[in-house]
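Note that the protein sequences, when read in sequence, are chains A and B. According to this note's numbering, numbering within the first sequence proceeds without interruption in unit steps and concludes at 143. According to this note's numbering, numbering within the second sequence proceeds without interruption in unit steps and concludes at 174.
Because the hints were derived from the structure by calculation, they are not lab data. Quick reminder that beta carbons are idealized off the backbone N, C-alpha and C, glycines included. Honestly, I wouldn't trust all of these hints.
Computed from the model, here is a short list of chain A residues facing chain B with C-beta under 8 angstroms [stated by the list, open to error]:
id, residue
1, Val51
2, Asp67
3, Glu71
4, Arg73
5, Leu75
6, Ala91
7, Gly94
Some chain B residues well away from chain A (every beta-carbon gap over 10 angstroms; in silico) [what the hints assert, rightly or not]:
id, residue
8, Leu3
9, Gly113
10, Ile129
11, Asp130
12, Tyr150
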Amino acid sequence: MIALRPILITVALFLSTLSFNMPAFAVDQVSESPAVEARLKKLSIELRCLVCQNSTLADSDAPLAQDLRNEIRKLIEAGKTDEEVVAYLVARYGDFVTFRPPVNATTALLWFGPFLMLIIGLITLMIVLKKRAKLLASDETLS
Amino acid sequence: MKLKFILPLVLFFILVGFLGKGLFLDPREVPSPLIGKPAPAFEAPVLGDPSKTFSTADMKGQVWLLNTWASWCAACRDEHPLLVEMLAHDIPLYGLAYKDVEADALKVLDEMGNPYIITANDADGTIGIDYGVYGVPETYIIDKAGIIRYKQIGPITPESLRDKILPLLKELDA
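Just need the whole structure built from these sequences, with the hints factored in.
So, in structure tokens, the structure goes:
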């Protein structure tokens, strides 16, 4: 008979060290209206869960995500537009909650950085090719 | 032609610099957009005495700290002794019991000491959402005009108390 207790205690101790603390009680209060649920679905796949940051609000089981989904349901039922719902969350958690951050001064590098790298790469390539052509030309004159 | 060799090396070290800095950043720490904005107003029952309410309106004209915590939160228990020590600094600390069972929260205060002037009870977590709480403990410093000036994400540490919180309180009180 394997002693289960030490194992369970170890697991419990390990779990207690997890620094992110969220309560276990929260339930999705699914709306009766399929239209509300459809809009929630559409919105929540574009929004980030703050607790498990790589999942969307739609597929996170974190209690905070459930609470936020319930808040979004309430906002939708109150007749808020999608933009107003997103603005509600951004006001509280910042642009970080949106998976498509808005284009502004702080996110400019994020949005345009890849294009900038592409341009730098193309310029470098052109310089290298030109140099090589020159070298080849001088080789030919030598021979 | 020396540049040809030095330039990639320089670029490499710049990249290493950024990556090295990244190692010491906490990706879980999401900067609050509420800093510099008015603290969301709320009125909530007082923990342990639901007949009374705590209102942010009563706090106008004072500098105060709002510490969100819960009995189910292990990091809050780690932080708790420091909060009790802070009593010695005469810090206006108010609590917000976030999504907690009242009896459990009261038991913590009973066993570990009560560092709070008043604890407001946010049983369903809606006040927490207004404050952008995503993982307790989180602590807000609110100035005399009701503006959030600082947010401590995660437990207050002796370092953050000494380097950030106490100097800011001194500045705001002046």
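These are the hints, each one checked on the structure:
| no. | hint | in the structure |
| --- | --- | --- |
| 1 | Val51 | 6 angstroms, holds |
| 2 | Asp67 | 5 angstroms, holds |
| 3 | Glu71 | 6 angstroms, holds |
| 4 | Arg73 | 13 angstroms, violated |
| 5 | Leu75 | 11 angstroms, violated |
| 6 | Ala91 | 6 angstroms, holds |
| 7 | Gly94 | 4 angstroms, holds |
| 8 | Leu3 | 12 angstroms, holds |
| 9 | Gly113 | 20 angstroms, holds |
| 10 | Ile129 | 6 angstroms, violated |
| 11 | Asp130 | 7 angstroms, violated |
| 12 | Tyr150 | 16 angstroms, holds |
Against the hints set out earlier in the document, violations occur for numbers 4, 5, 10 and 11.
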